[in-house]
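K.L.:
Protein chains in written order, with the working numbering: chain P, 1 to 98; chain U, 1001 to 1172.
Result set (DSSO-like, lysine-lysine): computed pairs, CA atoms no more than 27 Å apart in a straight line: (1) P:Lys-97 <-> U:Lys-1028; (2) P:Lys-86 <-> U:Lys-1166; (3) U:Lys-1028 <-> P:Lys-86; (4) P:Lys-86 <-> P:Lys-97.
Some chain U residues near chain P, calculated using beta-carbon distances under 8 Å: (5) Pro-1030; (6) Ile-1056; (7) Phe-1072; (8) Val-1076; (9) Leu-1081; (10) Gly-1095; (11) Arg-1096; (12) Ala-1099; (13) Leu-1110; (14) Ser-1114; (15) Leu-1139; (16) Pro-1146; (17) Val-1153; (18) Gly-1160; (19) Leu-1164; (20) Ala-1165.
Since the hints were derived computationally from the structure, they do not count as laboratory data.
Where is the CB? At the ideal position from N, CA and C, for every residue including glycine.
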Amino acid sequence: MINEALFFSAVLFTIGVVGVLTRRNAIIIFMCVELMLNAVNLSFIALSRLHGSANGQVFVLFVMTIAAAEAAVGLAIIISIFRHHKSVDLRNINLLKG
Amino acid sequence: MNTLLYTFHFYLFGLIAIASAVAFVTRKSPVAAALWLVNTMFCLSALYVMLDAQFIGAVQVLVYAGAIMVVFLFVVMLLNLGQASDVTDIRGLGGRLTAGLVGLAMVAELFALSRMRLPKLTSAMTDHANVVNPVSAPLFHEYLLPFEVTSVVLLVAVIGAVVLAKRGPNAS
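Excised from the complex, chain P in its bound form:
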């Protein structure tokens, strides 16, 4: 089962990367990042099962905490960007573009 779990994890990660690269809606890009974190969690769980130790599951708990913190800060940034631009489309956020 470990091979299949790692395969699912890699496919989900790839879908997340493609989503980040193709979408322009900032909220959807954030959700794609969450999908990538979930894919990494799946491979953590699979490898922890492979080694027969629960240390990998502890790291999954850490990843979940950091993901929650990241979602809170990122969504606050999106809200303040929306106040400024009245949109969350990344085409309008080009302050650092040369």
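Chain P is fixed; fit chain U onto it per the hints.
P.N.:
Just chain U now, kept in the frame of chain P:
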């Protein structure tokens, strides 16, 4: 029979997770995308349970599907972004080409790696009556300092979120 049933369900949940993820990336409306992502997370939680991580499976439903996605949906509701915009938000040809190339490279890497042999699977980790103890024992002994640091990170994130989202004194 038992292992056949196990394998069938493992593939079932994995394929549902991948199909929901594809639906999530291709939806135009943010609400529909978020609900497909919740579906992916439920399937992942089922996979965690089948990989002998029952506690993490429960935490996945509570924290990811329950808390984080609700925050996302709240922001979509607050900013009134529920309807899909009439102009598509998928990037133009250049972005799509880059994404396709990156995706192809990662899939190729996947097939190259799938030839690698993994070591033999160890037998089931614990008895199924005691699932929290194997997670909590290392968490509160070996990883006690990182655990405390994550609580500081959460505190800083909460303060940062409040400061960022607060209206300034001279804002309308």
